[in-house]
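Line by line, the protein sequences are chains Y and G. Residue numbers for the first sequence follow the working numbering, beginning at 1 and rising by one. Residue numbers for the second sequence follow the working numbering, beginning at 1 and rising by one.
No lab work stands behind these hints: they were computed from the structure. Computed from a predicted structure; not experimentally measured. A portion of the hints provided could be inaccurate.
As the list claims (entries may be wrong) - Cross-link-like lysine-lysine pairs, in silico, DSBU-like; alpha carbons within 35 Å at most:
(1) LYS97(Y) - LYS57(G)
(2) LYS180(Y) - LYS97(Y)
(3) LYS215(G) - LYS113(G)
(4) LYS445(Y) - LYS57(G)
(5) LYS147(Y) - LYS180(Y)
(6) LYS301(G) - LYS438(Y)
(7) LYS113(G) - LYS57(G)
(8) LYS273(Y) - LYS133(Y)
(9) LYS445(Y) - LYS147(Y)
(10) LYS234(Y) - LYS57(G)
(11) LYS57(G) - LYS327(Y)
(12) LYS330(Y) - LYS57(G)
(13) LYS98(Y) - LYS222(G)
(14) LYS223(Y) - LYS65(Y)
(15) LYS98(Y) - LYS273(Y)
(16) LYS147(Y) - LYS298(G)
(17) LYS273(Y) - LYS147(Y)
(18) LYS192(Y) - LYS223(Y)
(19) LYS431(Y) - LYS57(G)
(20) LYS223(Y) - LYS222(G)
Each chain, letter by letter, is given below.
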Amino acid sequence: MKNRSKAFVAGCMVAALLSTLSFTNASASVSLKKAFPTGPVTLTMWWWGDQEAPGAKLWVADTVKAYKVKHPNVTIKTVLQTTDGLVPAFAAAAAAKKGPDLQYFWGGIYAQQPGWDGQIAAVSDYIPATELKHYVNASTEESFQGKIWTAPWYLNPSFPVLARTDVLSKYGLKVPTTWKDLLNTCDVLSAKGVPALAGGVKDGWFGGWLYSILGAQSVSSSKDVVAAVTGTQKFTDPMHADWWTRLQETQQHKCWNTDINSLELYQAQQLWKDGKAAMTVVAGPDAPNFANAVGASKVVVMAMPKWGNGPFAGKMGSTSQTIGITKWSKNKEVAADFLMFSHEKAQLDNWFVRTGSMPADDRFDLNGVKDPVKKALFQSAMPGGPYLENFIPAQLDTDAVFANVQLVLKGTKTGKQAAADMQALMERLRKTDRNLVKNFTAWSK
Amino acid sequence: MIKTAPTENAVTAPRVIGAVTSRIKGSGPFFWILPAALCVVVIFGYSIVDLVQQSFKYQGAWVGLDNFRLVLTDPLFHIAIFHNFLLLFTVPILAILSFLCAVLLFETRRGMKFYRSAVFLPYILPIPVVGVVFGQLLQLNGALNSALRALGFHSLALDWLGDPGQALWTMSAIIIWKEVGFGTILILARLISLPLETLEAARIDGAGFFRLHLKITLPQLKPVILFYIINEAIVMVSWVFNYVYVMTNGQGGPGNATVVSELYIYRSAFQNKSPELAATAALLLLLATLVFIVGFLKIQKNSNSGNSHE
Chain Y
1 MKNRSKAFVA
11 GCMVAALLST
21 LSFTNASASV
31 SLKKAFPTGP
41 VTLTMWWWGD
51 QEAPGAKLWV
61 ADTVKAYKVK
71 HPNVTIKTVL
81 QTTDGLVPAF
91 AAAAAAKKGP
101 DLQYFWGGIY
111 AQQPGWDGQI
121 AAVSDYIPAT
131 ELKHYVNAST
141 EESFQGKIWT
151 APWYLNPSFP
161 VLARTDVLSK
171 YGLKVPTTWK
181 DLLNTCDVLS
191 AKGVPALAGG
201 VKDGWFGGWL
211 YSILGAQSVS
221 SSKDVVAAVT
231 GTQKFTDPMH
241 ADWWTRLQET
251 QQHKCWNTDI
261 NSLELYQAQQ
271 LWKDGKAAMT
281 VVAGPDAPNF
291 ANAVGASKVV
301 VMAMPKWGNG
311 PFAGKMGSTS
321 QTIGITKWSK
331 NKEVAADFLM
341 FSHEKAQLDN
351 WFVRTGSMPA
361 DDRFDLNGVK
371 DPVKKALFQS
381 AMPGGPYLEN
391 FIPAQLDTDA
401 VFANVQLVLK
411 GTKTGKQAAA
421 DMQALMERLR
431 KTDRNLVKNF
441 TAWSK
Chain G
1 MIKTAPTENA
11 VTAPRVIGAV
21 TSRIKGSGPF
31 FWILPAALCV
41 VVIFGYSIVD
51 LVQQSFKYQG
61 AWVGLDNFRL
71 VLTDPLFHIA
81 IFHNFLLLFT
91 VPILAILSFL
101 CAVLLFETRR
111 GMKFYRSAVF
121 LPYILPIPVV
131 GVVFGQLLQL
141 NGALNSALRA
151 LGFHSLALDW
161 LGDPGQALWT
171 MSAIIIWKEV
181 GFGTILILAR
191 LISLPLETLE
201 AARIDGAGFF
211 RLHLKITLPQ
221 LKPVILFYII
231 NEAIVMVSWV
241 FNYVYVMTNG
251 QGGPGNATVV
261 SELYIYRSAF
271 QNKSPELAAT
281 AALLLLLATL
291 VFIVGFLKIQ
301 KNSNSGNSHE
């Protein structure tokens, strides 16, 4: 009996030891389902990002080259996509189940939707959780029922307002910090024929930015937005609609350049660089470049002046731009290995060197960042507020937000009408996309 | 009776073979076009069958007329169709301008080659180039408005592409500028091939410029002008996507001011990831285009029968 019980205890101990070992190795073995191939492997990566993080192209070339040194049998072909073509090109590729192995996705819904549609494999199936936990915003934007769809690549503090003190002081003004200050600044500058804010909405994207930085000031979390999507709240509720009225106020106080509707965002930002506008809004990764272009000492980087009382009012949002692995890729393990390689210290540091922006990895050493503008920007995004645009259906963004921002800023629609239009479209989308409510509800849990 | 039957067969058999042979010989042209016809049938036929199938399904499951209901009740689809309808008003303008340009070129003695090239040049320019150039030119503070302001025409310096009330008309003007070259060359080619005797006879009888071309030239150009009108009508209904996409960054803005049915289809399929709704809208657009194609065929038939009576 004693021998039996001893044997039982010993057996249990061995079993426990083995299970412990297997548990600790489980995460590490996620990406090692298959042995690393020794034959030639070619991966294709469709990406975007040089537009908002200039220098990304150099980093991609460096990283691909470094990976080739590590794995001479792996060739990675990279294709830079246009802003307008990024989503449609991937949609066409997904329909044909042919194209990239690695695909760039903006965060949130832009990464969720391809996951829901079965177009990408969850990176969490190939990258260990111990590794993924370091990828900033992965759990807030890219997770879905325990899986992580895509791997965050770089951080996008969203979106800083850049104010030029030289332009403001020329008219006896200070950098506005409250909404009232901002409207006053608009009144003073518009009387002089100078736009307080430079923006371009012809291509639509800036509309989504404005929604995110104005709309976030009155919600308590991204769950509120998802609730309005699923129908338990409404986009006409004050929490979701008041930002439209604030936007209308900026139009009424002539805050923007008069040609805002006929300029693309990047064209309009040039007005600020040229000293023809006092403030502008830029992509987080690009903010240091903008500041340096006109002289960092003349620039104040800040969040959109506060108008709301929500927890994110006066704070910057945070989102990460990501890379996913396509479902049809024949080399998912290699693709995942490349993604992990891109998060190694050498690559993280090189990203900062090449672009001046922050990689989406909490292992990146912020102590190495000496520039106070950059440091403040990076810290503001870790953790930052929710980036609202990423929590609504993409069609609501383009058809309701982009379109109505253009009309409100032109003065042909009121904020109230825009909110009603957004709600009406949301109600319609629940009918056209029969899985929308189910998917968004599951995402919010 | 029984015996005669084989005899009859024996007599008629060569006739039948002869008839079949002559039929085969007669259908020679059909054999020649068979490879091309097969390509068309396979490529377009397959696509249309697939389109019809998709328009009755949602993610592979049969949904009956649900997609049609959703598309036909979509306010944006109504707007898109209405914009296509409005663009049809450019067709008569195009026809008149093309006719005028063709006649002027026909009457021009010096520098005809240069003028012809100048008129035709916009037609051969790639639409993305046209879109980018006009996009810059027509900005509120772009080159055109700067010139207008410099000349003192401040009230004419409009937000051509940025104002929802003007954007579609601006786009129409650009389409006219680009498409008129095609019509001009088409009509001019026919004009040059007309017998000169009738024109000379009319001139001798004292017909002036306008009378000559309205009463003598225009009736003779009727078939080619009708062809051009039908062709341009099809363009306005289903071929303006490139203009809209390039000039509005794929948005159809400002607001929905320039959304047309093709953009609606494209956005449904590739931006909004609703291929079924895109297929349904495409099927409806195909039916609308068919109306014009049938109209064109009828006109062609009438024109041919008219010619044969002559």
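Against the structure, the hints come out as follows:
1. LYS97(Y) - LYS57(G): 20 Å, holds
2. LYS180(Y) - LYS97(Y): 52 Å, violated
3. LYS215(G) - LYS113(G): 27 Å, holds
4. LYS445(Y) - LYS57(G): 30 Å, holds
5. LYS147(Y) - LYS180(Y): Answer violated: LYS147(Y) to LYS180(Y) is near 44 Å, above 35 Å.
6. LYS301(G) - LYS438(Y): 56 Å, violated
7. LYS113(G) - LYS57(G): 55 Å, violated
8. LYS273(Y) - LYS133(Y): This hinted pair is violated, its Cα atoms lying about 38 Å apart.
9. LYS445(Y) - LYS147(Y): Between LYS445(Y) and LYS147(Y) the Cα gap is close to 12 Å, so the pair holds against 35 Å.
10. LYS234(Y) - LYS57(G): 30 Å, holds
11. LYS57(G) - LYS327(Y): 23 Å, holds
12. LYS330(Y) - LYS57(G): 30 Å, holds
13. LYS98(Y) - LYS222(G): 49 Å, violated
14. LYS223(Y) - LYS65(Y): 41 Å, violated
15. LYS98(Y) - LYS273(Y): Answer violated: LYS98(Y) to LYS273(Y) is near 41 Å, above 35 Å.
16. LYS147(Y) - LYS298(G): 60 Å, violated
17. LYS273(Y) - LYS147(Y): Roughly 42 Å separates the two Cα atoms, so the pair is violated.
18. LYS192(Y) - LYS223(Y): 43 Å, violated
19. LYS431(Y) - LYS57(G): Holds. LYS431(Y) to LYS57(G) sits at ~15 Å (cutoff 35 Å).
20. LYS223(Y) - LYS222(G): Violated. LYS223(Y) to LYS222(G) sits at ~65 Å, over the 35 Å cutoff.
Going through the hint list in order, the structure does not satisfy hints 2, 5, 6, 7, 8, 13, 14, 15, 16, 17, 18 and 20.
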